[in-house]
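So the protein sequences, as listed, match chains A and B.
Quick note: the first sequence uses the numbering used here, first residue 1, plus one each step.
Quick note: the second sequence uses the numbering used here, first residue 1, plus one each step.
Hints are computed from structural coordinates only; laboratory data are not their basis.
There could be a bad hint or two in this list.
To be verified - Just a few of them, taken from the derived set where beta-carbon distance is under 10 Å, the chain B residues facing chain A:
1. Ser46
2. Glu47
3. Arg71
4. Ile73
5. Cys96
6. Phe97
What the hints assert, rightly or not - Each pair of labels, with its calculated beta carbon distance range:
7. B:Arg36 to A:Thr145: 45 to 53 Å
8. A:Ser29 to B:Phe154: 27 to 35 Å
9. A:Ser13 to B:Pro115: 30 to 38 Å
To be verified - To give an idea of the chain B side of the interface with chain A (calculated C-beta under 8 Å), a few residues:
10. Pro115
11. Glu137
12. Met143
13. Asp155
For glycine and all other residues, C-beta sits at the position ideal for the given N, C-alpha and C.
Number of protein chains: 2
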Amino acid sequence: MLQPEDFDFLQKSLPFWDRLSAFQKELLSREARINRFAQGQTIHSSENECAGVLLIKNGFLRTYIISDEGREITLYRLDPGDICILSASCVLQSICFDVFVDAETDCEIIRIGSPLFSRLSSENVYVELFSYQLAAERFSDVMWTLQQILFISFDKRLASYLLEEAARSGSPLIRTTHERIARNMGSAREVVSRMLNYFSKEGLVSLSRGGITIKDPKRLRSLIS
Amino acid sequence: MLQPEDFDFLQKSLPFWDRLSAFQKELLSREARINRFAQGQTIHSSENECAGVLLIKNGFLRTYIISDEGREITLYRLDPGDICILSASCVLQSICFDVFVDAETDCEIIRIGSPLFSRLSSENVYVELFSYQLAAERFSDVMWTLQQILFISFDKRLASYLLEEAARSGSPLIRTTHERIARNMGSAREVVSRMLNYFSKEGLVSLSRGGITIKDPKRLRSLIS
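Let the sequences and hints guide you as you build the complete structure.
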């Protein structure tokens, strides 16, 4: 049985709590378990049974895949308050891959076992929706990682390009097009536009028909180093 | 308005159809559109408005991201009968990245626009669940691609690419260029050409102006396992 404090944590962590029937609430309160894992311990892997849904009370988890040669690629990390869903991948029919989950520090975790989660998920569409939404968030994390792995720091390259151009012209206004920057940098216009829009939202530059104006050279410079 | 044949296709493609109210069904039938795209056309990108949910009646779609050097990384392809959901990423709050979707061949598509899909999704939990389950399937595709990119040696990757292309076209002749293969595989043309020349010397394929012909599918397959 969970301690009252852990029960509170469980309830607050699960957005579908109010959608559960009284019986489902009771089941969950009775069957969820508090588990402790030591730093470095593997909590979930494709070789063992599906660990279930993990609510991180304390500590940090790391999710990764392993290559044939034993190389580890970290996909994302989870913090206190986060919920690990890929450790319940056996419950999610649309997820057909498996990952490793390690305790990156000592961890205190509330675990909803796979059979229970599978039952709740099939009985209650809001539980199922929750699990797939969470999976979509992790999808976003993985896409971010993929871009980091494949595309190295374009923000730095663009920042230094803009500063050089401004220095060359002696004015914060750089009269050019995204297309021309892309050509000069050996990139694609879409990529340049995306990063310039990001710079603009961050207040580093302003964009206009005539070109690009550097608004905050100091912060732009700090991107490079 | 959709033709009766397209309406049938719409209805059969959407697993949540029977969960819709009469009014929602009517709305969907009235507002879904048949769209045609020419080979190579970009259907969805981060720069344009969210295209919405795309039901592929005929043709093939390719989903990819672009690197800072303008290199395209194909994430996955979609076949007739598949549904493209990341083109409606603006509707999915848990998805916070964007991709490009191109018509790889001439395509006939039934499109459910984003505002309509957003409305249905907020009114009907089964529509929302459907979209996240579909996103989870694409997550699985991306994980597969990620492993291909990171882990599998290039000869295996190229062998499995060629076999898949031949299976897709139903012919041992794959009409394509080394450049296009490189783009689809997230590689460089030089690397593809070198490996194809090696395959050709080994008698696995023959190379011609028109494309690549698979000569020994059995040995090509044995490379993969």
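Evaluation of the provided hints:
no.: 1; hint: Ser46; in the structure: holds (6 Å)
no.: 2; hint: Glu47; in the structure: holds (6 Å)
no.: 3; hint: Arg71; in the structure: holds (8 Å)
no.: 4; hint: Ile73; in the structure: holds (6 Å)
no.: 5; hint: Cys96; in the structure: holds (5 Å)
no.: 6; hint: Phe97; in the structure: holds (4 Å)
no.: 7; hint: B:Arg36 to A:Thr145: 45 to 53 Å; in the structure: violated (36 Å)
no.: 8; hint: A:Ser29 to B:Phe154: 27 to 35 Å; in the structure: violated (53 Å)
no.: 9; hint: A:Ser13 to B:Pro115: 30 to 38 Å; in the structure: holds (33 Å)
no.: 10; hint: Pro115; in the structure: violated (20 Å)
no.: 11; hint: Glu137; in the structure: holds (5 Å)
no.: 12; hint: Met143; in the structure: holds (4 Å)
no.: 13; hint: Asp155; in the structure: violated (14 Å)
Checked against the numbered hints listed earlier, the structure breaks hints 7, 8, 10 and 13; every other hint is satisfied.
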